[in-house]
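Produce the entire structure from the sequences given, and follow the hints as far as they go.
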Amino acid sequence: MSDAPANSSSDNQLATTVEVTVERNVGKPLLRCCFDSAEKYVYAAGQDRNIWKISLSDNAEKGEAAQKELVTELQAHEGWVLALATTANGQTLLSGGSDGRLIWWSLEGAQPQIVKQVDAHQGWIRDMALSPDEQLLATGGNDGTVKIWDVREAKLLQIIKGHPCHIYRLTFHPDGKQLISGDLTCHIQCWDLDSGKSLRELHTPSLHRIDKNHNLHLGGTRGLTFDESGKYLAVSGLRAAPNYLGGEVQPGNVILDFAKGEVHKEQKTKGNLATVPWESFFIGDQTLMVAMGGKEGGHLVFWNLDKEDEFYAFKLPDAARDMAFNARKNRIATAHEDGKLRISTLKIG
Amino acid sequence: MKKNYHCGSAEHLLARRSFLQNTCVAGGSLLFSGGLSGLASAGELATGQKKLLIIFLDGGLSQLESWDPKPGTQEGGPFRAIQTSVPGLNISELLPYTAQQMHHLAVIRSLQTTENDHTPAKYLLETGRNLKEGADFPYLGAAAASRLEPADGDLPPYVVIQTSSYHLGHGGFLGSRYAGVNLVRGKPPRNLTPPEGLAAEEVRRRIALRGMLDQRLTRSRRTADTEAYASSYQMAERMSRKKDVFDLSQEPEREQERYGTHDFGRHCLLARRLLEAGLPCIQVRHRAYDSHFENFNIHLETLGEFDRTFATLMEDLHQRGLLESTLVAVMSEMGRTPKINNQMGRDHWTKAWSMVLGGCGIQAGAVYGKTDERGMEIVDGKMNQADLFHTIYSAIGIDATESFQVGGKDIPIAEPVHGPIEDLLT
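First to last, the sequence lines map onto chains L and X.
Everything in the first sequence is counted per numbering that gives the first Met the number 0, starting at 0 for the first residue and increasing by one.
Everything in the second sequence is counted per numbering that gives the first Met the number 0, starting at 0 for the first residue and increasing by one.
The hints are simulated quantities; they were obtained by calculation from the structure and are not laboratory data.
Note that the coordinates shown come from a computational prediction; the quantities given were computed from them, not determined experimentally.
Yeah, the Cβ is synthetic: ideal placement off N, Cα and C, and Gly gets one too.
Possibly wrong hints are sitting among the right ones.
Unchecked claim - A partial selection of chain L residues facing chain X, derived with a Cβ cut-off under 8 Å:
| # | residue |
| --- | --- |
| 1 | P28 |
| 2 | Q46 |
| 3 | A75 |
| 4 | W79 |
| 5 | W123 |
| 6 | G292 |
| 7 | A318 |
As the list claims (entries may be wrong) - Taking lysine to aspartate or glutamate and the EDC-like style, the derived pairs with C-alpha atoms no more than 16 Å apart in a straight line are:
| # | chain 1 | residue 1 | chain 2 | residue 2 |
| --- | --- | --- | --- | --- |
| 8 | L | K328 | L | D35 |
| 9 | L | K306 | L | E265 |
| 10 | X | K49 | X | D409 |
| 11 | X | K338 | L | D35 |
| 12 | L | K27 | X | E74 |
| 13 | L | K259 | L | E200 |
| 14 | X | K69 | L | E77 |
| 15 | L | K211 | X | E275 |
| 16 | L | K230 | L | D193 |
| 17 | L | K294 | X | D346 |
| 18 | X | K49 | X | E114 |
| 19 | L | K211 | X | E300 |
What the hints assert, rightly or not - Per label pair, the in silico range of CB-to-CB distance:
| # | chain 1 | residue 1 | chain 2 | residue 2 | range |
| --- | --- | --- | --- | --- | --- |
| 20 | X | K338 | L | R327 | 35 to 45 Å |
| 21 | L | D174 | X | Q318 | 53 to 63 Å |
| 22 | L | S54 | X | D371 | 45 to 55 Å |
| 23 | L | K259 | X | Q318 | 54 to 64 Å |
| 24 | X | H117 | L | A14 | 43 to 53 Å |
| 25 | X | G406 | L | G270 | 54 to 64 Å |
| 26 | L | A14 | X | E372 | 50 to 60 Å |
| 27 | L | S54 | X | E314 | 48 to 58 Å |
| 28 | L | C164 | X | Q82 | 24 to 34 Å |
| 29 | X | K338 | L | K314 | 17 to 27 Å |
| 30 | L | N242 | X | A134 | 47 to 57 Å |
| 31 | L | A14 | X | K338 | 34 to 44 Å |
| 32 | L | T20 | X | D379 | 47 to 57 Å |
| 33 | X | P119 | L | G245 | 10 to 20 Å |
Shown next as structure tokens:
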């Protein structure tokens, strides 16, 4: 980031600070992570195909051997685990993988136990999302379908078809009546959950193009998240790719006014950071936070939704590949390529 | 041994290849107006003649996402391995159609080469030799064409089918006579049809006049250039009789759909038609394997396109009896690192990588060489590009211990000391 210090907050925004407070070394490059509801553990998926249950207990700080005891390996998938979620009641962990398998894990015993597993999709499950009331789970992936599941009964309720290519991201509208899905071409579909019909399609053309030289798609919906009121939908992706194959890509967000279906703001990083957005969340109704990792390392980047450039960027010790918030949104878990899970505390204002 | 007039001058670079691409054929309208199909005489030309089809995957195919998967390891990536038509042989799940054709192919899992950058690596895998100043080796297709060219072929002996004009199938010291004719996006050389309104008799008279002038010039100033020009005109004239072979619209729509309605599909369908028509050496290039970034998404796209098309081509070559005389090589200039970088990419890797051969002279279903469980090291059957070239030449009946004669010097067809891998040969 050439135009701003790595860890900086501009004067006209609320003071924002991020501090890495916990570091756990799993020893395997990590891909995904999520908190359990009690914040005692983080579940992280590794490049070795396993899920790792990582204790956040304070007495786990000392020594490598002690740390290893606080990391438990869960084997079940025959591919990378690309989607992870826990329920707020603390009873269930859900995992979806590149093997197309969807697994329900019970968290009620000392160690997670598989309750049910289904071959849910043809090809990768790239993302999953829980409805606001956590009654429903949506999954989507390379077969271009969205599937809606009853979380408690572990039962398929609905299959929604309509994407011609890989689905990258899913999110529920805060009203719980619509599901939003974004694909490789950054076409955003809005589905009515009652009927399974498409209500409309939103476009974010700045985040996708075809590289005619290589005949490759340059795109992918990398982040998809609503603000708390459901007024704005943030779509994160790659706004430019001077050298796609070489990783010279630049992240961007498109803030959509969801009611109007119009672009509210196109956002970029000040220095055209060469990195990839992997996950995004709103903090309140004004601040979008995106976790990034790539050629220029790892960052947590904060935008005001009305501004083109970020107001704060925190440089992480390594490239982040996923981010999860706790319920109060003051702790951030990040999964890293160097095999470490990091917990950061966030203070705004 | 074919004679070689090449003196190394720059003028040699202008010859048949560029001529075929850039000039018109005034003659021949009387010959193709009857709609003589290139395929009509294909069987006659194809019978017994050895051929070489190179599918070059530009940028460096990941061996872990193709021929040597390592599922369940930290380096293995997100894809699973699947069974193939050869019992005990598994390849990446990205190649489900190709998996059903593996009984026609042999897998090499133990290539080790030395060049880690694209330009020298491509030279190495295209010529079998290291790129050195002053060296001017012919590409594999050109070298093979010089030995496989039929005496009376109506088509150029070597073509390169691709989406750009970047790569030209260099003829090296063999000169432009054997350089690959570049068929950009599968289009035939331009101007195979004479100018509109030119009467057949006029065409005939022009050809006769040009022939007379050629003979006069040759008598007084015979050089490699003049011979190349004359041969280029003659080839262009003969090609015009076969122009239909380049016309994919003559294929039923169902056939075009089987191959895929994308460039690579069209290019492989064209390759099949050209092989049937007796063209001895073809290279089809497929792009975008240099996946330093998002290796897995990129291989999903590229191999998703490659797989069905390649499997269809193999099936057709087998069904039509062409595999018995055609060696198919699926090559790259390098492999990709087992280690996954922080951009979900794989970088260049030459220590232990893979490719496949199949068809003419190749032991179908063979698996040669082995890497360790993470794909980091070769544990059995290490071979390099020289061994590979000897094997390919041997399979198509070329004695690679013989030499090209260049400026009074003998230059071995393939790197001496090395030899073919007998386990890969029938």
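Each hint tested on the structure:
no. : hint                         : verdict
1   : P28                          : holds (7 Å)
2   : Q46                          : holds (5 Å)
3   : A75                          : violated (12 Å)
4   : W79                          : holds (4 Å)
5   : W123                         : holds (7 Å)
6   : G292                         : holds (6 Å)
7   : A318                         : holds (4 Å)
8   : L:K328 to L:D35              : holds (13 Å)
9   : L:K306 to L:E265             : holds (8 Å)
10  : X:K49 to X:D409              : violated (25 Å)
11  : X:K338 to L:D35              : violated (31 Å)
12  : L:K27 to X:E74               : holds (10 Å)
13  : L:K259 to L:E200             : holds (12 Å)
14  : X:K69 to L:E77               : holds (12 Å)
15  : L:K211 to X:E275             : violated (31 Å)
16  : L:K230 to L:D193             : violated (21 Å)
17  : L:K294 to X:D346             : holds (13 Å)
18  : X:K49 to X:E114              : violated (30 Å)
19  : L:K211 to X:E300             : holds (14 Å)
20  : X:K338 to L:R327: 35 to 45 Å : holds (38 Å)
21  : L:D174 to X:Q318: 53 to 63 Å : holds (58 Å)
22  : L:S54 to X:D371: 45 to 55 Å  : violated (34 Å)
23  : L:K259 to X:Q318: 54 to 64 Å : holds (58 Å)
24  : X:H117 to L:A14: 43 to 53 Å  : holds (48 Å)
25  : X:G406 to L:G270: 54 to 64 Å : holds (56 Å)
26  : L:A14 to X:E372: 50 to 60 Å  : holds (51 Å)
27  : L:S54 to X:E314: 48 to 58 Å  : holds (54 Å)
28  : L:C164 to X:Q82: 24 to 34 Å  : holds (28 Å)
29  : X:K338 to L:K314: 17 to 27 Å : holds (24 Å)
30  : L:N242 to X:A134: 47 to 57 Å : violated (30 Å)
31  : L:A14 to X:K338: 34 to 44 Å  : holds (40 Å)
32  : L:T20 to X:D379: 47 to 57 Å  : holds (49 Å)
33  : X:P119 to L:G245: 10 to 20 Å : holds (18 Å)
Checked against the numbered hints above, the structure violates hints 3, 10, 11, 15, 16, 18, 22, 30; every other hint is satisfied.
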